[in-house]
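**Student:** Residue numbers (our numbering), protein chains in the order written: chain A, 1 to 260; chain B, 261 to 495; chain C, 496 to 906.
For the record, the hints were derived by calculation from the structure and aren't laboratory data. Yeah, the Cβ is synthetic: ideal placement off N, Cα and C, and Gly gets one too. Hints may contain errors.
[Said to hold, decoys possible] Derived Cβ-Cβ restraints for the label pairs, each shown as a range:
| id | chain 1 | residue 1 | chain 2 | residue 2 | range |
| --- | --- | --- | --- | --- | --- |
| 1 | B | 349 | A | 148 | 30 to 36 angstroms |
| 2 | C | 778 | A | 169 | 44 to 50 angstroms |
| 3 | A | 169 | C | 834 | 27 to 33 angstroms |
[What the hints assert, rightly or not] Okay, derived cross-link-like pairs now, EDC-like style, lysine to aspartate or glutamate, Cα gap no bigger than 20 angstroms in a straight line:
| id | chain 1 | residue 1 | chain 2 | residue 2 |
| --- | --- | --- | --- | --- |
| 4 | B | 392 | A | 68 |
| 5 | C | 632 | C | 583 |
| 6 | B | 382 | B | 367 |
| 7 | B | 392 | A | 74 |
| 8 | A | 3 | B | 362 |
| 9 | B | 383 | A | 68 |
| 10 | A | 6 | B | 362 |
| 11 | B | 273 | A | 259 |
| 12 | A | 258 | B | 367 |
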Amino acid sequence: MFKILKYSFYDLSRSRWSYVYFLFYLLLGFTLLFLNNDLSGAVITMMNVIIVLVPLIGTIFGVMYYYDSKEFTELLLAQPIKRKSIFLGQYFGVAISLAASLILGLGIPFVAYGLFQSGAIWDFVILLVTGVFLTFIFTALAFNIALSNENKIKGFGFAILLWLFLAVIYDGIFLMALVHFQEYPLDKFALIATMGNPIDLSRILILLKLDISALLGYTGAVFKNFFGTSMGTILSLGMLSLWVILPVWRISAKAKKKDF
Amino acid sequence: MVTIESLYKKFGKNEVLKGIDLTIKDGGIIAVLGPNGSGKTTLIKSILGMVIPNKGTISINGQNIKKDWKYRKEIDYLPQIANFPGNLTVQELIKMIKDLRDKPANDDELIAFFKLENFLDKKLVTLSGGTKQKVNLVLTFMFNSPLVILDEPTSGLDPISLIRLKEWIHKEKAKGKTILITSHIMSFVEEIAEDLLFILEGKIYFNGSVQELKKQTGQTDFEHAIANILTEHHV
Amino acid sequence: MKHFLSVLFLLYFLPSMAGEIRVCSSCEIKTVKQAIEMAQSGDTISIEEGIYKESDITIINKSLHIKGINYPVIDAGMNGTAFAIKAEGVTIEGLKIINIGRSHTKDYAAILLNGSQNFTLKNNILENVFFGFLIEKSDNGLIEGNRIEGEGIDQANSGNAIHLWNSNEITIKNNHVKEMRDGIYIEFGKNCKIINNVCEKNLRYGLHFMFSDSNSYIGNTFEDNGAGVAVMFSKHIEMKKNLFKKNWGPASYGLLLKEISDATLEHNIFEDNTIAVNADGTTRVEFIENDFKNNGYAIKVHGGAYTTSFTRNNFLHNSFDVGYSGRLNDNTFSGNYWTNYSGYDLDKDNIGDVAYRPVKLFSHIVNQTPEAIVLLRSLFIDIMDFSEKVSPIFTPKELIDPHPQMKRILW
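Sequences and hints are given; from them, build the entire structure.
**Tutor:** This is the structure we're talking about:
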């Protein structure tokens with residue numbers, strides 16, 4: 001698997017798209033800091049970008065990479081290599097190179113603007129950690145979709161739909177449920193619904209670290225009591241990990257049975 | 261030796277292989293023929309483990325290949341469409357495949373043979389179809405495995421390269437290898453193959469030597485013999 | 496002429512006729528109580544460095560000047576009040592008063608003034624006190640440069656640092672007040688000036704007005720209190736150049752206005768508060784050139800607001816700029832700078848060409864379903880807010896800033 005990972009990573013590290021992605025973050029980081037000149041303000045704006053764009057880019061990039069390297073995959077399949085190794089190697093190659101673009105692209109401008117001297121460093125770290133998680137989650141979901149759909153257009157369609165669902169529609173349904181059942185105690189429901197969507201979970205984790213928690217009022221206290229404890233942190237990181245592990249497990253299961 | 265017993269494969273509702281029984285003896289060149297969609301590629305891919313059959317067993321040298329991958333160390337495969345990661349150069353690709361197979365290879369000889377020296381530092385996206393096919397051939401032949409499977413090896417090749425390819429295949433045969441070829445170029449098949457495997461609608465329609473085929477169809481010309489099978493069947 | 500000279504002579508020597516009494520462990524007079532008993536009105540009592548374990552020191556009808564040298568410690572040993580004073584023109588300065596007892600029935604204080612006009616409390620240090628200065632029915636005083644610290648455990652066991660009741664014309668200046676219940680509390684007080692104080696980490700309010708008209712507070716800092724400042728049932732309050740910072744918590748705010756009229760807020764900075772200004776019943780209140788930065792809500796209006804205007808303020812990176820319930824009435828927002836404004840300025844007059852709507856649909860929803868706040872900064876919410884902005888249905892249509900500024904207002 002590590003050989004495949006190495007070559008996928010190597011291949012991607014020379015791809016134009018990796019640089020576009022990297023430059024995009026670099027530019028975004030510098031522009032935000034230039035306009036704000038305030039690290040913590042920029043972290044908030046960056047959060048909006050990360051919870052929307054990272055999943056989108058992870059999804060599209062994952063699907064694109066899978067379809068683009070289809071023939072190469074076939075070449076590899078005829079070699080004496082385990083199937084699981086081929087697909088997991090490719091998956092980790094994509095996810096790691098995307099994550100590296102994210103970390104470097106955002107890291108360089110923030111470090112240049114004195115991140116290490118600022119109190120915002122932990123906010124920034126949680127931002128990057130969730131960003132990396134989201135990259136791994138959505139790339140894995142994208143590989144799942146691509147593996148299940150031979151048709152490229154259909155695959156892209158489903159991938160965009162999945163992103164749209166988790167980034168937008170899910171929250172719409174969530175909000176309607178909250179408004180509809182407002183006479184009932186909703187803390188637990190809100191907590192579970194948040195855990196059920198990696199984008200929401202990441203958003204809340206960042207918001208709580210950015211200390212907007214108090215704004216959340218009573219509900220915030222419930223959330224803070226949950227996420228603020230080490231138990232909650234472990235549980236939410238565990239949940240994010242589960243969001244990585246389950247799709248990855250399905251990639252290898254699906255790959256074993258698929259015809260090429 | 262490759263042994264295939266009652267092999268069935270469906271893609272959705274489309275039954276592609278409908279019970280194939282076949283034994284391929286060691287040594288010699290076997291051409292796998294058949295009209296488009298008859299199941300040639302599916303059969304080859306089943307042997308390679310790329311397609312997973314619904315029913316039936318495939319064993320190579322007595323070993324069932326199901327859920328195994330190590331047996332592919334002894335197979336060289338030339339895929340139909342040569343499409344490689346575009347960001348790599350020819351040299352890097354060769355190095356990478358060598359690294360993945362971890363086996364001695366005579367790539368230098370093949371590069372010289374197919375006159376690829378000038379392309380080694382070129383990225384694969386910039387290569388023409390024919391050159392890519394030559395790279396494809398280098399990758400296939402460099403490992404010297406006893407079983408070689410070639411899916412449309414002639415596609416995109418210029419006449420000189422075609423002659424070289426034939427030359428090489430003969431050389432490989434002389435080493436006692438088993439070579440499985442699919443092709444639509446009948447003259448090429450006639451020139452090179454000793455045995456024929458004709459697949460029609462997922463079943464083996466003919467399995468024997470070129471002479472036997474000519475005898476059976478009563479045709480002296482190879483192409484006509486093939487055509488005869490097809491028309492006969494449709495009538 | 497001779498007669499006149501003798502009057503002049505008398506006038507000249509009169510002050511020096513007032514005696515000075517020294518208190519120290521090796522002096523003739525060893526306790527403060529003893530000194531006060533001996534002293535005549537107009538005398539100065541100088542207390543030298545040392546620890547004086549005394550409580551319930553009372554001064555009645557003697558205008559005394561009590562002065563500490565190198566901060567002598569008056570340790571009340573958790574037994575009630577340290578000083579109880581009912582006299583005119585008393586000055587207490589340079590003392591360190593510690594360990595004032597707690598009580599649920601009596602308001603024990605470091606210094607209790609009752610009906611004592613023209614007082615001065617200056618440069619004292621109060622530590623571990625229940626109430627700090629408890630001032631009742633005493634007008635015309637100066638409280639300056641004191642440092643007051645409580646234990647800040649819970650509201651029931653903490654008193655207010657500076658507590659005025661029924662006292663007018665008091666100046667409270669340059670004090671530092673920490674970890675008490677209320678930093679400064681004023682009930683039924685008029686014409687008081689509260690200038691350049693720092694109130695931090697108090698359990699309830701940094702500064703609290705009740706039924707107190709015509710007061711002003713200028714240049715104070717209120718940081719990390721339960722709530723910064725509460726102004727309740729008062730008129731004509733001037734609030735200028737104050738800093739309200741990090742008043743943060745589920746029910747916290749920088750400034751609470753409740754049933755207020757004729758007030759002016761100018762050049763204040765509100766930063767990192769859960770709710771910067773919580774307005775519940777404001778009439779003729781003007782907000783001019785204030786900065787609201789990184790707050791949860793910048794302004795939350797609960798209703799009953801009339802002729803309240805927001806002009807030339809900077810609203811910088813708040814989660815919600817304005818939360819508004821009730822009718823718009825004749826309140827106005829005009830010429831403010833909003834970082835959340837995304838309009839354009841084609842005629843380059845530094846005023847946005849389209850009006851800004853400070854109330855978002857989401858804040859409207861959160862008002863009704865507080866749990867919905869968990870969706871803060873979700874993309875869905877942004878899309879919803881955007882469509883509401885384009886064609887308002889749920890939020891008050893007329894609530895706009897018709898002249899949003901393109902650049903931050905410098906003041």
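**Student:** Is it true that the C-beta distance of residue 349 (chain B) to residue 148 (chain A) lies inside 30 to 36 angstroms, as the hint says?
**Tutor:** 34 angstroms, holds
**Student:** Starting from residue 632 (chain C), check that the Cα of residue 583 (chain C) is at most 20 angstroms away, please.
**Tutor:** Cα-Cα ~12 angstroms, so holds.
**Student:** Within 20 angstroms, alpha carbon to alpha carbon, are residue 392 (chain B) and residue 74 (chain A)?
**Tutor:** 16 angstroms, holds
**Student:** Between residue 383 (chain B) and residue 68 (chain A), is the straight-line Cα distance small enough, at 20 angstroms or below?
**Tutor:** 16 angstroms, holds
**Student:** Determine whether the Cβ-Cβ distance between residue 169 (chain A) and residue 834 (chain C) falls within the hinted range of 27 to 33 angstroms.
**Tutor:** 29 angstroms, holds
**Student:** Does the structure keep residue 273 (chain B) and residue 259 (chain A) at a Cα separation of 20 angstroms or less?
**Tutor:** Judged against 20 angstroms, a Cα distance of about 15 angstroms means the pair holds.
**Student:** Just to be careful, I want the Cα atoms of residue 258 (chain A) and residue 367 (chain B) compared with a cutoff of 20 angstroms; is the pair within it?
**Tutor:** Measuring from Cα to Cα gives roughly 32 angstroms; hence the hint is violated.
**Student:** Sort out whether residue 362 (chain B) lies within 20 angstroms of residue 3 (chain A), counting only the CA atoms.
**Tutor:** Given pair residue 3 (chain A), residue 362 (chain B) holds - Cα atoms ~11 angstroms apart, limit 20 angstroms.
**Student:** Please verify whether residue 392 (chain B) and residue 68 (chain A) have alpha carbons no more than 20 angstroms apart.
**Tutor:** The hint holds at about 17 angstroms.
**Student:** Quick check: does the Cβ-Cβ distance between residue 778 (chain C) and residue 169 (chain A) fall within 44 to 50 angstroms?
**Tutor:** Once the Cβ atoms are compared, 45 angstroms apart, the range 44 to 50 angstroms for residue 169 (chain A) and residue 778 (chain C) holds.
**Student:** Has the given pair, residue 6 (chain A) with residue 362 (chain B), been kept, meaning a C-alpha gap of at most 20 angstroms?
**Tutor:** Holds, at roughly 15 angstroms.
**Student:** Going straight from one Cα to the other, do residue 382 (chain B) and residue 367 (chain B) come out at no more than 20 angstroms?
**Tutor:** Judged against 20 angstroms, a Cα distance of about 17 angstroms means the pair holds.
This entry does not satisfy hint 12, going by the numbered hints stated previously; all others are met.
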